[in-house]
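**Q** Line by line, the protein sequences are chains A and B. Take 26 as the starting number for the first sequence in the numbering used here and just add one per residue. Take -14 as the starting number for the second sequence in the numbering used here and just add one per residue.
Some hints could be false.
[As the list claims (entries may be wrong)] With a straight-line cut-off of 25 Å between C-alpha atoms, the simulated SDA-like cross-links for lysine to any residue are: (1) A:79 with B:21; (2) A:45 with B:-11; (3) A:45 with B:29; (4) A:45 with B:31; (5) A:45 with B:33; (6) A:45 with B:76; (7) A:45 with B:38; (8) A:91 with B:19.
These are computed hints drawn from the structure, not numbers from a lab.
The primary structure of each chain is shown beneath.
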Amino acid sequence: MPSEEQLAAERIERLRALAKAATSAGETDRARAYVRRARRVAERNRLSLPQDFKRFTCDRCDAYLKPGVNARFRTRDGHVVVTCDCGGHARYPY
Amino acid sequence: MPLTPATLTRHELIGRPVRVVAASNPDLVGIAGEVVMETTRTLSVEGSTHDEPRVWQVPKGEATFEFTLTADGDTQVVTVEGEQLVARPARRTERTGDSKWR
Ligand SMILES: [Zn+2]
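So here's chain A without its partners, still in its complex pose (with noise of 0.2 Å):
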């Protein structure tokens, strides 16, 4: 029995590619969906998601951020900022 919890992370790794290509592809909705249905597969099978992803997703309203695109991510004192287009910020370190 191959392990489910591999298989999942899988399913999440190919959700986040499948969100950023729909992303490039101006299909932001669509990408919406890939990054919901990651996110819930993660929490299905208990798994953290991985930390790009963490950092290229909208906490708020759940893109997928591409710099330049539909989100800017702007150095500050030890952390980057990152705002998306709806609003929402995030901080990470660096």
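Put chain B with the ligand on the given structure of chain A with help from the hints.
**A** Chain B with the ligand alone, transformed into the frame defined by chain A:
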């Protein structure tokens, strides 16, 4: 573990090339394209008719699908009874005793 015909029914279907090979509604047979969305009872397939892009929403329960898998350069065609896919998208992964693949 990578995607294999045995795990297909529990893996992510979005983004995969698919073709409807049989369906109770004859209009659905022959639909081909890429899966773009999934709900509990349907798959949305994006393809084109007469060079116009189009999305069809195909009921899983009444159709037989043919998925094309590509791994390490070789292609595999897997036929799946849509019945096996009827489940909430995020919960499909948790099902055991799957794979009646041909
Ligand atoms: Zn947002």
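**Q** If a hint holds in the structure, say so; if it does not, say that too.
**A** Hint check:
no. : hint            : result
1   : A:79 with B:21  : holds, 23 Å
2   : A:45 with B:-11 : holds, 24 Å
3   : A:45 with B:29  : holds, 19 Å
4   : A:45 with B:31  : holds, 18 Å
5   : A:45 with B:33  : holds, 23 Å
6   : A:45 with B:76  : holds, 23 Å
7   : A:45 with B:38  : holds, 21 Å
8   : A:91 with B:19  : holds, 23 Å
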